Structures are given as C-alpha cells and as structure tokens.
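**Q** Take the two lone chains and join them into the complex the hints point to.
Read top to bottom, the protein sequences are chains A and B. In this text, residue positions in the first sequence follow my numbering: the first is 1, and each later residue adds one. In this text, residue positions in the second sequence follow my numbering: the first is 383, and each later residue adds one.
Among the hints, a few may not be true.
Claimed, not checked - To give a feel for the contact side, a few chain A residues facing chain B, derived at Cβ under 10 Å: (1) Ala240; (2) Thr243; (3) Asp291; (4) Val329; (5) Thr332.
Said to hold, decoys possible - Here are a few chain B residues that face chain A, going by a calculated C-beta distance under 8 Å: (6) Arg405; (7) Asp418; (8) Phe421; (9) Glu441; (10) Val446.
Derived from the structure by calculation, the hints contain no laboratory data. It should be emphasised that the depicted structure is a prediction, and the values quoted were computed from it without experimental measurement. Just so you know, even glycine gets a beta-carbon here, dropped at the ideal spot from N, CA and C.
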Amino acid sequence: MAGGGSPRRTPLNAVHRSLGARLFEFAGWEMPVQYTGVLEEHRAVRAAGGLFDLSHMGELWLTGPDALMALQAVTTNDAAALAPGQAQYTFLCRDDGGILDDLIVYRCDAGFLADGPAEPGYLLIVNAANITRDAEWIRAHLPAGATLTDRSAATALVALQGPVAERVVAPLAEMRLSELKPFRAAHAALNGARVWLSRTGYTGEDGFEIYSRAEEAEHVWSALYEAGRPKGVLPVGLGARDTLRLEMRYTLYGNDIDETTTPLEAGLGAYVKWVKPAFIGKEALARQQADGVRRRLVGFIMVDRAIPRRHYPILGAGEPIGAVTSGSVSPTLGSEIGMGYVAAGWEEPGTTLHIDVRGKPRAARVHQGPFVLPHNRRQSGT
Amino acid sequence: MYPQELRYSAEHEWVRVEGEKARIGITHFAQKELGDVVFVELPDVGTAVRQHQGCAVVESVKAVSDVYAPLSGRVHAANAALVDRPELINEDPYGEGWIAEIEISDARELDQLMSAAQYEGFVKGA
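Chain B with its partners taken away, still in its complex shape (with noise of 0.2 Å):
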C-alpha cells in the first residue's frame, strides 16, 4: 500500500527521488478517498513549483482536488497518459498514475517528508 522507497507528505502525495528529479503522484489513501477520478488538470512542463503549493488538480466525479507539491522545483515532465486515462491514478497511483516530475530546487526539503511507515501511521490516525 505503501511502498518502502517512497517519501510521503501530509497532504497524501508520494514521492520517488531519481538523482535531481522527483517524480510524484498521490497515494492509495488519496485516490480512495477521491473515488473514480474523471478527469487530471497537469501542470505544464516548465512551471516553477513552491512546496505545499498547488500545481494539478485531479477530480472525481463530485469533487475538485488540488495536488500540492510535495517539493520545490521545476515541472520538468506531466504524464500526459492521464489526459485520456485519469483512471490509472485509482488503478495504479504509484506506477502507470503517476502525475508529474520536478527538477528538485532544495533537497532539504526532503527531509520534511513521511518515511512509509511514518506516512502509515499518519493515515491510520486520519
């Protein structure tokens, strides 16, 4: 449910750090709660990005919802796979789901975010 290597925010977004990228999408605690998702709004490719900002939107069929990023940056790509499939963030929100990547600005910044079992915890007590 949640995968080891993966860091984890507070606003229920994961994040896989790849060298000077990281790529980042929504938990399964997120896309859950969210029910099918209909629809993803990217950010585009180029955006400078501020933690705890928002920079996408995916929606369910009743309700809006902003993607926060997890960590300062660059958009330096968006799964455009998400335009015509939104539905792979429910079937798959760590792998095929995932939304976006972000040149990383301050890798300090990671450390302000969940291990998975720390990420566990937060959500048992949600």
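One chain only, chain A, in its complex shape (with noise of 0.2 Å):
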C-alpha cells in the first residue's frame, strides 16, 4: 500500500476476533482467512451453509440521466437488457481489450440503500483491491449527465451461501424468498435493518449477499449467525472461498483473468455482448475474435497426485504451453485441481497435459465446465 500504512478493518474486525479467526492482509484488508480451518469451514457451505464477510469489496454507484449510456461505455455486457433489482457479471475493459476489473452490476430503479427520496442508478460490485482504479477509470469516461459515487467505505456486504440459506434468511426478511430468483436483488429489512438482498453467490452453491449500511453490520452478520449456528452454518473465511470457487470453476480476479488477459482468452465472451455499438476494448476483442484466440484459460483435473500452485508451467508434448494461475486440493472431490492459460490447440477436454511441480512433470487432463456440482444438482443428479 503506499504510504505503508496498517491494513483497514471492515465492521465486522472485532466479530473475526471475537470468533478466534486467523486474520491476514488481502488487498489492504484484515480479512479472515480461517476460523476453524480451511476444510470444515468448505465442507460446511456444501453440506449446509457459511457465514463470509465480504466488507471488504467494493461498491460504486452511478446515477444521473446518462448513467446506462456511462455504464455501456465501460462495459462488456449490455446493461441495458437489465429489469429493475436484476444483475449481471461483466468486465472493465482497457482499449486493448485486457481486463480491468470483472463485475457484478445490478439495475437499481428505488435507489440502493437511500435514506431520502430513491434515486434509480446502477450499483457496480468490483474487487477490492481495484476500487480506487476502477472509480478512476470510470469517472475519467464519464459523460456530464452521470455521476459516479464510492460508496464502499459506508456499506457492508455479508454472504451466507449453502443449502441452508434460504431456510436461514427467510424467517429474518420480511420478503417471500422463494419469489427472488437467482441474479437478482431487492431492497428487504433483515432484523430491522434496511438491506439490499441478492440472489448471488461465489460458491456454487444457493446463497445471498446481503449489502447493507456499514454501522449496521454487526446487526445483520449476529442476526444471521445466530439464525444459521442451528442449521450448521459456519463463519467461513477468504481461505474456503478461494477453494470454493476453484470448484466452481470461477476465475479470480489477479489470479485468472487481469490486465494482460482478455474475455475471450478466458472463455468468458458470453459476457462480451456485441451487439452493443460501442464500447471501450471492443474493437480489439473483434480482432481477437477474427485473428483467433492464441490461448485458453483451462480447467485441469491432476491424474499425478500433486497439488498445482500459480505459476507452475503447463507442459503439452514436454514443450512449455502456458502456466497455472490457480491450484489447489478440491475437498469435495479429493483430488487436485487447477486453472491455466495454454496455447490454443491444446483445450480441448480429455487432453493430457503436464504441470511442471517443482521441476518434476505431473499428469493432468483437461476438464470442461465445473468442476463440482453445487448442492441441488448434487441431490437430484442431474
């Protein structure tokens, strides 16, 4: 961080220490890795639910007349196919179509947790560690009749993600649950407190993120906890959300995908809508598009038994193709896995592949989509 100062602490700090959390810095936070370990706190979100602080992110909130022609400026995906409280995943692109930043926006029409009279916005969700860029970037594009807002430092962001979340938060919101579908938000009172409640999730799994106002964080995170500690639910720190991910086959900003990546090689162009006239990085993904795309982000199974780690080389045919960006054990599954960018050609699933772990080549064999199902595809098997 310039400057060197201490890291910054969410609401939610003396919560973490008061549950005996390990605590480490990320992205200039004191964030918890752990409570009572990686593995249990993982198996917890499959088996039933976890309880994750995500003060930490950031959120940003634009508003004025020009705020959708802003939005679709920036963006890859089309803002404006959004229905009022729905949400989408999107990129930040530079000119040259490397990512800036990947994203959660939502359409806004009552406001988002407005004291006064609501005025419609956008609400964006973007990565800690890339609040101050994104803003920066975003402003330094703004037309006059939009104004962009950080109002991260003032909100709180609580996740309760599992089978158990429905059960958990419906008693608390005053709100039919079963009637808010997945990628979608609306403003509810949890315990009293005002929230914006989302369909949304990093797990796979059903789940919530729950924003609310900063000072009424510990209010919504006990009302949660102690709804959830009967149904099994677990605090869960940054270490089992990595892993959870991983399962899911989610890419990681600063891992997966960052400045030097783009939505194609990563196999995210779902996101890149095309029909939209213009936007920043579109023309160099079109002719990324047209040339073909040099590498893919892959998802890999080990057959060897090591676990692959970031930056491990990707060898195909003994020649280096690519390198790992994220690896770790599957707990579910109980074997090792990874993502990684090789060169195109070598994608294709079923394909074996050798991760170079600390100089000795391991077996892997490309995998498709993700790698674990979540909890209701598990249980009706499809």
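**A** This is the structure:
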C-alpha cells in the first residue's frame, strides 16, 4: 500500500477476533483467512451453509440521466437488458481488451440503501484491490449527465451461502424469498436493518449476498449467525472462499484474469455483447475474435497426485505451453484441481497436460466446466 | 505440546532418536501455523539427506512448506499413511503424523538440536 499504512478493517473485525479467526492482509484489508479450518469451513458450505464477511469489496454507485450510457461505454455486457433488481456479470476492459476488473452490475430503480428519496441508478460491485482504479477509470470516461459515487466505505457486505441459506434468511427477511430468483435483488428488512438482498454468490451453492450500511453490519451478521448456527452454518474465511470458487471453475481477478488477459482468452466471451454499438475494448476484442484467440484458460484435474500452484509451467508433449493461474485441492472431489492458460489447440476436454511441480512433470487432464455440481444438482443427479 | 523425550530444530522439526535411527516430523507449532495439511511429498527410501536441507514437502491449502532434515543420513522409511491421510500431521504430529526415519550418519549433529524446554522458549519468542 502506498504510504505503508496498516491494513483497513471491516465493520466486522471485532466479530472475527471474538470468533478466534486467523487474520491476514488481503488487498490492504485485515480479513479472516479461516476460523476453524479451511477444509471444515469449505465442507460446511456444501453441506449446510457458511457466513462470509465481504465488506472489503467495493460498491460504486452510478446515477444521473446518462448513467446507463456511461455504464454501457465502459463495460462489455449489455446493461440495457437488465430488469429492475436484476444483476449481470461484466468486465471493465482497456482499449486493448485487457481486463481491468470483473464485476457485478445491478439495475436499482429504487436507489441503493437510500435514506431520503430514492434516486435510480446502477450499482457496481468491484474487487477490493481495484476500487480506486475502477472509480478513476469510470470517472475519466463519464459523460456530463452521470455521476459516480464510491459507497464502499459506507457499505458492508455479508454473504450466506449453502443449501440452508433460504431457510435461514426467510424468517429474518420480511419478504417471500422463494420469489427472489438467482441474479435478482431487492430492498428488504433483515431483523430491522435495511438491506439490499441479492441472490448471488461465488460458491456455486444457493445463497444471498446482503448489503447493508456499515454501521448495521454487526446487527445483520448476528441475526444470520444466530439463525444459521442451529442449521450447521459456520463462519467462513477467504481460504475456503477460494477453494469453493475454484471447484466451480470461477475466475479470480489477479490470478486467472488481469490486464494482460481478455475475456475471450478466459473463455468468458458470453459476457461480451457485440450487439452494443461501442464500448472500450470492443475493436481489440473483435480483432482477436477474427484473428483467432491464441491462448485459452482451461480447468484441469490432476491425474498424478500433486497440487498445481500459481505460476507452475504447463507442458504439452514436453514443451512449455502455458502456466497455472490457480490451483489447490478440491475438498469435495478429494483430488487436486487447477486452472491455467494453454496455447490454442490444447484446450480440448480430456487432453493430457503436464504440470511442472517443482521440477517434476505431473500429469493432468483438461476438464470442461465446473469441477463440482452445486448441492441442488448433486441431490437430483442432474 | 512439546514431548520431553524429543529434540527440536529451529525449523520446527522434531526428532525421536531410536538407536542409530531418528524418526522425524513437524511440531505442533508448525502444524498450527500451516493449517489443514492437504498433501505431503515424502522422501524416497534410500535418499541421502544433509542436515538443514529440504527432505520433504508439506502442503496446506494455500502454501508449500519445506521440511528440512534435522540430521544428516539416509532415509530408511517414509510414512505412507500420509499419502491418503495428510491430516494426521495436524491430528497427531508426534505420533501417527511422523514423516520419515533417517539412519543417522553423524551423531554429533544431535548436539545442535534443542531440548523441549529450549524449543518452547524458542517458539514463545517467535
């Protein structure tokens, strides 16, 4: 961090300490990496539920008559398609198509946790490490009729993820939760606190991301914790958050995607909407599409027993063809899994790769899609 | 926490001397620092090891951690149980979580290791 200050603390820092969390520094914030243990917390989310403090993430609030136009110009997905309360995954790209950030955007016709009269706008949820850069970038490209406000410091975010999530939140939220579909959000009251309740998450399980004012964070957390504990909900740190998202083959900014990678290389072209007349990076991405993408992000499962780690070289037929971007154990599968870029032509599912694990080549097999099915699909066998 | 009959290295390994052989592992302090152990790379039987050089690898979810040979010698045995149950290192670091047995080549090296009391003082200052 510039200036070498101590890490920032979320509104739930005292709660983490009281729960005996092991804290570490992440993106300039003091965050829990684990409470009872990464494996136990991971398994709890898949079997019952986990409670996460994600207050370090950024909330940028875009308003004004030109808000949609401003958003469309800097993002790759089509925000005009959003219904009120609907969310979509999208990218902020540079002119060369490199990814500045991946984010979730909501259309909020009734404002976002507003005190007074609600002003419609778009809520951008950005990665903690990129809040300042994203805000500066968007502001540098704002038309006169749009305003960007950084609401991050004033906003807390708690997530409850797992098969029991709806059963835990329903009695607390004064609304019919079964009507809140995935990637939809609404204002609600949670144990008296005003929240923006979103049916989204980063674990693959059903769950909610619950935004509140920073000063009500402890109130929201306590309500969820007390209601969730009897159903097997555990507090979960960033260690398990990472193993959970890896099992779903979700990308992590800074590992699997960054300014040197494009959405097409990452296999996320579905979130690039060519139908939009113009957006930053469109021309470069269109050129890349036309010329052929030269490298691809793949998921792989280890065949030889070894844990693939970020930066380990990937070999194809003995030659270097790429590098690992994320890797760890999959507690659900009992195998080791990872993601990495490989030269185009090596991305077919079932292809044998070798990962150079500290000097020794270890066999792996390219795997398509998520490594693990979320709970509702595991139960029904679909 | 730190059994009296064992000797300890500054890299948080323990040693149980049994005649000309030494059984080694990592200490309670080390396993707690690591968190859940999910993978162990054992040394091959017959490998020569030198004091303070890496002889095994213990991995947590996030980190790769070298185990340094507390004594020089030759690997006589490695704990195959750790392949399927790496968590034994967390659950029973001095017992079922042992990592390897070394045929000691230079008994004088034992003098460089700490007693339980010395090691306890060492980790308190860590």
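**Q** Each hint: holds or not?
**A** We went through each hint and held it up to the structure:
At a threshold of 10 Å, the smallest CB-CB gap from Ala240(A) to chain B is about 8 Å, leaving the interface hint in force. This hint holds: Thr243(A) has a C-beta 6 Å from the nearest C-beta of chain B, less than the 10 Å allowed. Violation of the interface hint for Asp291(A) is found here, the shortest Cβ-Cβ separation to chain B being roughly 38 Å, above the 10 Å cut-off. At its closest, the beta carbon of Val329(A) sits 4 Å from a beta carbon of chain B; the interface hint therefore holds under the 10 Å criterion.
Of the supplied interface hints, the one on Thr332(A) is violated, with its beta-carbon coming no nearer than about 13 Å to a beta-carbon of chain B, more than 10 Å. Annotation: interface hint on Arg405(B) violated; nearest CB of chain A at approximately 24 Å, more than 8 Å. Nearest Cβ of chain A to the Cβ of Asp418(B): about 5 Å, under the 8 Å cut. The hint holds. Checking Phe421(B) against chain A by beta carbon gives a least distance of about 5 Å; that is within 8 Å, so the hint holds.
For Glu441(B), the interface hint holds, since its Cβ comes within 8 Å of a Cβ in chain A; the closest pair sits about 5 Å apart. Given the 8 Å rule on beta carbons, the hint for Val446(B) holds: about 7 Å separates it from the nearest Cβ of chain A.
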